[in-house]
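*Asks:* Which chain is which? The protein sequence lines are A and B, in order.
If you count the first sequence from 1, position 28 lands on 27 in numbering that gives the first Met the number 0, and the numbers rise without skipping.
If you count the second sequence from 1, position 113 lands on 112 in numbering that gives the first Met the number 0, and the numbers rise without skipping.
These are calculated hints, taken from the structure and not from any lab test.
Cβ atoms here follow ideal geometry from the backbone N, Cα and C, with glycine treated the same way.
Anything over 10 Å on all C-beta distances counts as not near chain A; from chain B, calculated: (1) Arg19; (2) Leu21; (3) Gly113; (4) Thr114; (5) Leu120; (6) Ser149; (7) Val245; (8) Ser253; (9) Trp281; (10) Leu285.
Okay, the calculated bits of chain B under chain A, using three or more residues with CB under 8 Å as the criterion: (11) 167-176; (12) 182-192.
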Amino acid sequence: MTVGRVPTPAAAGVYAGALVPDPDSRPLAVSFDTAAVRLGGRLIWSGVTLGVAPGEFVAVLGPNGVGKSTLVKAALGLVPLSAGTVEVLGRPPGQSGRDIGYLPQRRSFDPGLRVRGVDVVRLGADGDRWGVPVPGLGRIGGTRRRAEERVREVIELVGADAYAQRPIGEVSGGEQQRLLIAQALVRRPRLLVLDEPLDSLDLPNQAAVAALISSICRDQGVTVLLVAHDVNPILPYLDRVVYIARGGAVSGTPDQVITSPTLSSLYGVPVEVLRTSDGRLVVVGQPEAPARHADRHAGSR
Amino acid sequence: MTVLGAGTGGLTWDLGQDVRELLSQHFMVNAFRAGTIVAVLAGAIGWFMVLRRQTFAGHTLAVISFPGAAGAILAGVSASFGYFGAAIAGALVIAAVPRSTSGQARSQESAVIGTVQAFALACGALFVSLYGGFLNSLVGLLFGTFLGISDTQVTTLLVVATAALVVLGAIARPLFFATVDPDVARARGVPVRLVSTVFLVLLGGAAAEVSQVTGALLVFALLVMPAAAAQRLTARPGLGVGLTVVFGIVTVWSGLGMAYFSVYPVGFFVTTVGFAIYVLAWAWALVAARLARRPMLEAAVVR
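With these hints in hand, go ahead and build the complete structure from the sequences.
*Replies:* Here you go:
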């Protein structure tokens, strides 16, 4: 798989209203340099070179099974590279744990899971600490109170006040997704990594969660790296896209990459990009990868 | 153990008199001590076990402790060694079987556990018959006994339970994280595999302790029932563990009390009380859900 990165600074002005910071003037939030990953002897992708500037909203797009999740897992240090390098927030992968909020790909919580949403959010704050909180001890320095305030704050930010006290298995998929975004945000991360956060949501929830993620990116100044197989719900908000597909990958602004010729050559079948009457882009005819099941299996190992 | 009614003053209508009668016997005092220690440990561990959906593993570890105890008696060493040794060794074996989230691997895992469990039961039966074939010891090992719990045994139970609770306290939050959200926990640097293995060893210790009071086949009375009842009633972790421990203690105390004044195995009474608490909790949760829903219905009607 070869990757041609479309140079962005010169074309940044073309994308109306988008703030694309010059990648050369500030340290990149995420940068891959001729990276490759091999899982179970199979080459997932290779020669990937791309950079994500701080504060950008970037989507990793492509059909199922091409290694989108593997890309973000490599950035998190959960999957080792077989070639090349990756740096996250100026450090090797896996060493910026506190500064990264991560939402892995999932279907949903077990409906019988008797754990409240607020407890799941709180795990984002202290779930990796050893020992149990001694009653009264945390109150002296006010650390526990501050942590509780932060938990309340992020639940309010994602609009989950109404159902945060209910068992998380009993709330809807969209509500679970909001609580998980709150969990990822609780430590004020500089980078938010979301793997298919819109998967298995209905259309209104897809639009609402996409708008929420975008407002977090703009208002809180958090860099967002989001994996999706359907670009349409997030397209209005994106600063940059990374498209992975059979035969190649491309990175650039949506206007540069999301065009009929580029996508058609990436997928190897005709793909049309249409402009709606209100000026939004819609991608029509993106095919599913034929080897989806085999790929999923290899990727999960 | 089956000849209990004899030698007691019999049940009276005076509760205070009955309790004095119970505690006048040293073996009963030891039974209450052991039962209380076991109920606290089983409650804390059981709450996590039910949340982690590892009840089958918990049952298997208890069953494995039975041939351990029978083998230890046969070899002429303390049954305690057999209980703990076998259950903890079993826990390490289960931990070595790769635990995957995919359905196929999980059914593979439970097939392995089930196979080992059946073989362990058969070995225990063999050891008991090699020892002399006393039916009483077989019934005691499988369905519980509280006669002859020695002071040393109580001390052993206390030391093991204290150590297990200290370790559980140390790993409680990462364990909770790894249970609810293993992928995110791993990404946050929680050693999910290690925490799961440590928990299985703790579960082995708890199963071995409970086996010594309720018998190997009835461990769920203290390991599952109180936790399942508590989780019906509350989704708060701290309150849930607290309720589980309280239910466990109530179960053991009332079960022992009833068993003292009857001729039937203690395991039956302990299990019956545990079952009753679970049914009550289930009914309470149902009623509470109804009551919570009613105002919304009325509002809808008014509109």
